[in-house]
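Generate the whole structure from the sequences, applying the supplied hints.
Protein sequence lines, in the order shown, are assigned to chains C and V.
Sequential numbering of the first sequence, starting at 1, is according to full-length UniProt numbering.
Sequential numbering of the second sequence, starting at 1, is according to full-length UniProt numbering.
Treat the hints as calculated values from the structure; they're not laboratory data.
We put the CB at the ideal spot given by N, CA and C, even for glycine.
Take every hint as true, because none was put in to throw you off.
DMTMM-like mimics (lysine to aspartate or glutamate), calculated; alpha carbons at most 25 Å apart, straight line: (1) C/Lys180 - V/Asp51; (2) C/Lys210 - C/Asp232; (3) C/Lys243 - C/Asp426; (4) C/Lys210 - V/Asp33; (5) C/Lys498 - C/Glu322; (6) C/Lys180 - V/Asp33; (7) V/Lys30 - C/Asp232; (8) C/Lys180 - V/Asp17; (9) C/Lys476 - C/Asp640; (10) C/Lys165 - V/Asp33; (11) C/Lys165 - C/Asp206; (12) C/Lys42 - C/Glu120; (13) C/Lys45 - C/Glu73; (14) C/Lys501 - C/Asp514; (15) C/Lys102 - V/Asp51; (16) C/Lys66 - V/Asp51; (17) V/Lys31 - C/Asp232; (18) C/Lys45 - C/Glu25; (19) C/Lys461 - C/Asp593; (20) V/Lys31 - C/Glu214; (21) V/Lys62 - C/Glu109; (22) C/Lys682 - C/Asp612.
Calculated from the model, a selection of chain C residues having no Cβ within reach of chain V, i.e. all distances over 10 Å: (23) Gln164; (24) His235; (25) Trp875.
Here are the simulated distance ranges between beta carbons: (26) V/Phe110 - C/Val253: 24 to 34 Å; (27) V/Gly118 - C/Glu287: 49 to 59 Å; (28) C/Gln675 - V/Leu116: 51 to 61 Å.
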Amino acid sequence: MYTFTSIESQIRVLSDYAFMLRDYELALSNYRLLSTDYKLDKAWKRFAGVQEMSGLCYFMLDQSRKDAEYCMENAFTTYLRIGSSGQRNATRCGLWWAEMLKTRGQHREASTVYFRISNEEPSLHSAVLLEQAACCYLLSSPRMLRKYGFHLILAGNSYYLSDQKQHAVRAYRNALFVYKQNPWSYINNHVHFNVGRWYGVLGIFDVAIKHLLEVIACSHQSLTTQSMFLNDFFHFVQSTGEKFDVYKLQLPVFNMSSLRVVNEDHRTYASNADVDVNESIWQELEEELIPSSSVVRTNWLDTQPKSSPFRNNKACVCVAGEAVKLNVELKNPLQISVNVSGISLICQLSTNLNASETGALTTAAEEDIASTKPSISTFESDGNNFTVSKLDIVLGGGETKRIQLEVTPKVIGILKLVGIRWTLSDSVVGYQYFEVATQKKNKKGKRGARRSLNTNLIVIKGLPKLTGYIECLPTKAFTGDLQLLTLNLRNQSEHAVKNIKMKISHPRFVIPGDSSDLDLEFPQCLRKHVQSDSNTVSEGTKENVKGSLFAFPQGIKIQGGTTFSWPLWFHAATPGNFSLYLSLYYEMESTTDIPYRTLRMHYNVEVLPSLDVSFAISMCSSRLQEYIVRMDVINKTPSDSFALNQLSCVGTKWAVSTLPSRDSISFVETIPANQAVSCFFKIKDLSTSSCIEAADGSCGSDIVLSPGGSTDVFDVSRTPITDFHYQERHQQGKLAKVPRGLLDFILISKAVAVNSSKSEQLLSHHTCHCSALSQNPVWWLMEGPRTITHDFSKSCCEANIQLVIHNSSEHNTTVRVVTSDCMAEKSQTAPSHESASGQGGWHDVSLENDIKAIASTKGTHSQKQSSESISPFVWCSLSSAQVDLKPDSSAKIPLKVCIFAPGTYNFSTYELHWKVHSSESGHVDENVTSGGGQGYPFYVNVLQGA
Amino acid sequence: MSDMASTACFVIVSKNDIPIYDAEVGSAPKKEDQAYQHQFILHAALDVVQDLAWATSAMFLKSVDRFNDLVVSVYVTAGHTRFMLLHDSRSEDGIKSFFQEVHELYIKIFLNPLYLPGSRITSSHFNTKVRALARKYL
Numbered sequence: 001m002y003t004f005t006s007i008e009s010q011i012r013v014l015s016d017y018a019f020m021l022r023d024y025e026l027a028l029s030n031y032r033l034l035s036t037d038y039k040l041d042k043a044w045k046r047f048a049g050v051q052e053m054s055g056l057c058y059f060m061l062d063q064s065r066k067d068a069e070y071c072m073e074n075a076f077t078t079y080l081r082i083g084s085s086g087q088r089n090a091t092r093c094g095l096w097w098a099e100m101l102k103t104r105g106q107h108r109e110a111s112t113v114y115f116r117i118s119n120e121e122p123s124l125h126s127a128v129l130l131e132q133a134a135c136c137y138l139l140s141s142p143r144m145l146r147k148y149g150f151h152l153i154l155a156g157n158s159y160y161l162s163d164q165k166q167h168a169v170r171a172y173r174n175a176l177f178v179y180k181q182n183p184w185s186y187i188n189n190h191v192h193f194n195v196g197r198w199y200g201v202l203g204i205f206d207v208a209i210k211h212l213l214e215v216i217a218c219s220h221q222s223l224t225t226q227s228m229f230l231n232d233f234f235h236f237v238q239s240t241g242e243k244f245d246v247y248k249l250q251l252p253v254f255n256m257s258s259l260r261v262v263n264e265d266h267r268t269y270a271s272n273a274d275v276d277v278n279e280s281i282w283q284e285l286e287e288e289l290i291p292s293s294s295v296v297r298t299n300w301l302d303t304q305p306k307s308s309p310f311r312n313n314k315a316c317v318c319v320a321g322e323a324v325k326l327n328v329e330l331k332n333p334l335q336i337s338v339n340v341s342g343i344s345l346i347c348q349l350s351t352n353l354n355a356s357e358t359g360a361l362t363t364a365a366e367e368d369i370a371s372t373k374p375s376i377s378t379f380e381s382d383g384n385n386f387t388v389s390k391l392d393i394v395l396g397g398g399e400t401k402r403i404q405l406e407v408t409p410k411v412i413g414i415l416k417l418v419g420i421r422w423t424l425s426d427s428v429v430g431y432q433y434f435e436v437a438t439q440k441k442n443k444k445g446k447r448g449a450r451r452s453l454n455t456n457l458i459v460i461k462g463l464p465k466l467t468g469y470i471e472c473l474p475t476k477a478f479t480g481d482l483q484l485l486t487l488n489l490r491n492q493s494e495h496a497v498k499n500i501k502m503k504i505s506h507p508r509f510v511i512p513g514d515s516s517d518l519d520l521e522f523p524q525c526l527r528k529h530v531q532s533d534s535n536t537v538s539e540g541t542k543e544n545v546k547g548s549l550f551a552f553p554q555g556i557k558i559q560g561g562t563t564f565s566w567p568l569w570f571h572a573a574t575p576g577n578f579s580l581y582l583s584l585y586y587e588m589e590s591t592t593d594i595p596y597r598t599l600r601m602h603y604n605v606e607v608l609p610s611l612d613v614s615f616a617i618s619m620c621s622s623r624l625q626e627y628i629v630r631m632d633v634i635n636k637t638p639s640d641s642f643a644l645n646q647l648s649c650v651g652t653k654w655a656v657s658t659l660p661s662r663d664s665i666s667f668v669e670t671i672p673a674n675q676a677v678s679c680f681f682k683i684k685d686l687s688t689s690s691c692i693e694a695a696d697g698s699c700g701s702d703i704v705l706s707p708g709g710s711t712d713v714f715d716v717s718r719t720p721i722t723d724f725h726y727q728e729r730h731q732q733g734k735l736a737k738v739p740r741g742l743l744d745f746i747l748i749s750k751a752v753a754v755n756s757s758k759s760e761q762l763l764s765h766h767t768c769h770c771s772a773l774s775q776n777p778v779w780w781l782m783e784g785p786r787t788i789t790h791d792f793s794k795s796c797c798e799a800n801i802q803l804v805i806h807n808s809s810e811h812n813t814t815v816r817v818v819t820s821d822c823m824a825e826k827s828q829t830a831p832s833h834e835s836a837s838g839q840g841g842w843h844d845v846s847l848e849n850d851i852k853a854i855a856s857t858k859g860t861h862s863q864k865q866s867s868e869s870i871s872p873f874v875w876c877s878l879s880s881a882q883v884d885l886k887p888d889s890s891a892k893i894p895l896k897v898c899i900f901a902p903g904t905y906n907f908s909t910y911e912l913h914w915k916v917h918s919s920e921s922g923h924v925d926e927n928v929t930s931g932g933g934q935g936y937p938f939y940v941n942v943l944q945g946a
Numbered sequence: 001m002s003d004m005a006s007t008a009c010f011v012i013v014s015k016n017d018i019p020i021y022d023a024e025v026g027s028a029p030k031k032e033d034q035a036y037q038h039q040f041i042l043h044a045a046l047d048v049v050q051d052l053a054w055a056t057s058a059m060f061l062k063s064v065d066r067f068n069d070l071v072v073s074v075y076v077t078a079g080h081t082r083f084m085l086l087h088d089s090r091s092e093d094g095i096k097s098f099f100q101e102v103h104e105l106y107i108k109i110f111l112n113p114l115y116l117p118g119s120r121i122t123s124s125h126f127n128t129k130v131r132a133l134a135r136k137y138l
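In structure tokens:
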């Protein structure tokens with residue numbers, strides 16, 4: 001222990017006096033002397049004190065900076081080492097040290113020292129010290145603003161802990177200058193939230209809310225943090241005791257790029273989804289529908305007719321009494337669901353149509369938006385001029401919703417859509433203005449690519465308007481599905497509309513019906529009636545179908561307030577998704593600003609594959625003008641089964657019947673899912689040969705496949721089926737590029753309903769342009785008695801038979817018939833001989849070839865023998881005949897055979913050679929096709945007569 | 001803070017001082033209030049990096065700043081993108097290797113023609129790779 005009188009203490013006093021008298025050299029030497037003594041004695045507190053003083057001496061001498069700092073650091077650490085008793089001394093030492101560094105301009109080091117002291121001090125002291133540290137960073141060169149901000153935040157926290165909220169807010173607010181527009185989101189949120197919260201605690205709510213607004217839309221924070229932010233926000237808002245108006249409230253986020261104004265001028269839409277359809281599709285559809293502009297233009301510069309009320313090119317037109325819709329997307333960035341109520345449009349309606357005044361008005365409003373936040377009350381809904389819709393929704397966490405807002409102007413004038421207003425959780429009113437991309441703004445260098453949004457609408461006088469929908473149009477249908485639909489049109493206005501026309505984009509799928517169809521019961525109306533007049537299809541409708549433009553009967557007017565219905569036939573022609581567009585055109589009874597309007601309807605229909613029908617036609621070898629038809633039907637559905645009802649040939653030219661072997665098709669063709677069925681039929685051309693069978697009705701153009709019998713036959717020559725068939729024929733003809741189709745089939749089937757509650761579903765499949773598989777231009781057939789009774793004892797038998805040759809090609813054909821008595825032998829040997837010699841020269845004859853040749857020659861031998869074994873017959877009338885046949889004509893060549901003994905003969909030993917001459921003489925070489933064919937077997941029994 | 005649980009916060013800062021990637025890669029359980037504290041420290045350390053980066057030719061600047069027991073190590077790429085790691089462990093070699101491997105990954109991100117330099121790195125592949133590297137070296 002050093003007492004007051006000890007030598008060390010005396011030296012200390014001496015050196016302190018020397019320091020006071022500014023003899024720093026003397027003071028320093030004494031301090032150094034003391035420090036060694038104290039160090040040896042481990043008197044740390046005294047040692048530190050001496051070190052501190054020697055540090056100051058060095059500083060005052062300004063000799064060695066290093067020594068000064070070394071001493072100060074030594075003193076500081078020693079104070080800290082001795083524990084709590086040295087605490088205050090350490091702080092004091094640190095303050096000296098920092099001051100020292102600051103004097104020398106070492107602000108960075110000074111701030112480090114301040115920071116070190118602050119750790120040892122109670123919160124209020126440390127707050128002051130940290131603020132000092134922050135100031136040092138600001139003064140340092142180069143400036144360290146981020147460090148400054150950080151230490152201010154630390155100081156602010158310390159102030160807050162020591163219950164000095166105002167100082168805390170001051171520190172944070174200073175830090176905000178650094179952290180303004182900071183992309184480091186957590187920092188930003190923390191600062192704004194704390195400033196806001198502390199202001200709230202201090203009772204300055206408006207500033208508190210302003211700061212909290214910055215953080216409430218933070219999507220990156222965790223759920224608890226988000227709810228904490230939001231709770232504090234609403235708490236302060238409620239504390240204000242009034243509804244709070246917030247410009248550009250970020251909750252929820254309105255996606256302004258998704259904004260779309262839907263105004264109906266002369267174009268009206270059946271549903272909201274129809275609006276999204278590309279305008280060009282509609283324009284293309286309506287090309288024939290809309291009358292071309294009749295206004296005479298004086299020259300080509302006059303793009304807009306002078307008399308038009310739509311002088312302002314930019315402005316759109318809307319009709320008084322009809323809602324203008326605005327679609328916008330809004331998103332909740334938080335994970336908490338928020339309650340948004342009273343979403344509505346902010347609008348202005350000026351009833352003065354004077355252009356100059358409206359211009360002034362709009363610019364004024366724009367300036368308002370640009371410069372200040374105008375008071376919201378000026379845009380309160382004006383009940384006399386327009387009404388706006390209000391929408392309440394709840395947005396779940398992270399949810400995005402598309403909403404539709406409406407404003408209905410009531411008087412003529414100019415309607416301006418200014419912005420959107422909404423209420424968040426019944427306490428905060430947010431509002432946002434639409435950014436109007438005007439020329440002025442573009443010039444300033446703002447993004448020029450911004451989508452210009454037209455928010456100025458000219459309101460014109462009320463017009464009649466039709467609304468419409470197609471009743472029970474299926475969204476999913478099987479291929480071939482045939483249905484009767486109803487188009488309902490309603491005129492909601494007081495005035496009548498007239499001259500209604502309709503255009504359908506897919507006449508293959510939907511065709512308008514007849515007014516009488518409306519009361520019919522489907523599908524019973526399609527059944528064949530006994531008294532049915534088959535000529536119901538008028539030529540007029542066919543033409544309409546062709547152009548897909550349908551004009552309603554001239555007399556039809558839809559009076560105000562009435563509903564008008566018109567039948568439509570629907571037929572799902574091909575599988576796939578298709579978009580059906582309908583456009584209705586109507587004119588106003590009274591003269592109005594717009595002479596006509598259109599109603600646009602758009603439907604999406606998914607057509608599922610059902611039955612896949614294909615036909616294969618081959619010629620009947622025994623009869624001319626008859627064909628065997630194989631019908632393959634595959635059910636492609638995964639679970640539904642179909643019952644075949646009837647197969648019909650189109651037109652009166654063809655008769656279809658069952659094969660002779662099966663007199664009646666008694667089996668019921670129900671095709672379960674994923675199964676296939678093949679049926680065979682015979683068809684007959686009625687046009688060339690007069691058919692006796694046609695009269696008795698057993699062979700008509702329809703064949704019933706169902707057990708219901710003839711009562712269940714549908715009439716394919718009646719209006720919907722023929723019209724659809726016409727479309728199918730047109731479509732399939734385009735697809736196949738077949739120049740001339742032979743015949744068309746319609747297969748009508750019924751869906752087998754699982755539950756009987758469903759009404760009967762009818763499917764019709766149209767297969768067009770079927771033709772026979774054989775490509776030969778010439779058909780021939782032997783005709784004659786099959787059995788001949790002859791008394792051979794008297795003479796040899798002469799049988800008269802005839803060969804009927806038909807030219808089915810489109811060109812003149814020359815046919816030569818060659819009969820031969822020993823044809824079989826010749827024809828069989830010739831090819832085999834040729835194949836052997838045709839190659840010429842010497843060649844390697846493999847063993848296999850040899851064997852084949854032998855086999856074939858053996859075959860011919862046996863054939864020859866067999867033909868010889870049959871008693872011979874002789875063609876006796878002629879050996880060769882030649883006929884010229886015109887297209888689609890037939891000729892009969894009489895033949896005579898001389899038979900010498902009874903037996904069974906095959907008169908097939910004749911050959912046909914034909915040559916097709918194309919009609920154009922210039923292309924003879926290319927188009928002359930020739931060919932030949934063997935005779936068909938024709939067996940005749942010759943019996944010995946009495 | 002226990003011996004086992006280490007704190008580490010990794011941030012990539014673009015040359016415009018905007019964080020383009022951040023990840024808490026420490027083994028210590030994540031605390032809500034730490035996220036902003038780490039950002040504050042790293043953000044403030046940028047002031048120090050600003051001076052140091054031009055004083056050396058090395059990319060790895062070692063530990064440039066400290067706050068209490070948390071150390072900030074920085075690696076500066078040639079394009080002046082800064083990889084900043086806030087950590088409490090001492091293994092300088094591991095941190096250096098970590099930075100070098102992350103640099104390779106970053107170059108791969110940079111080579112992506114669809115990546116706009118200076119924009120936020122959202123690749124989940126990058127994220128998992130960085131976390132795997134952090135487990136390996138830190």
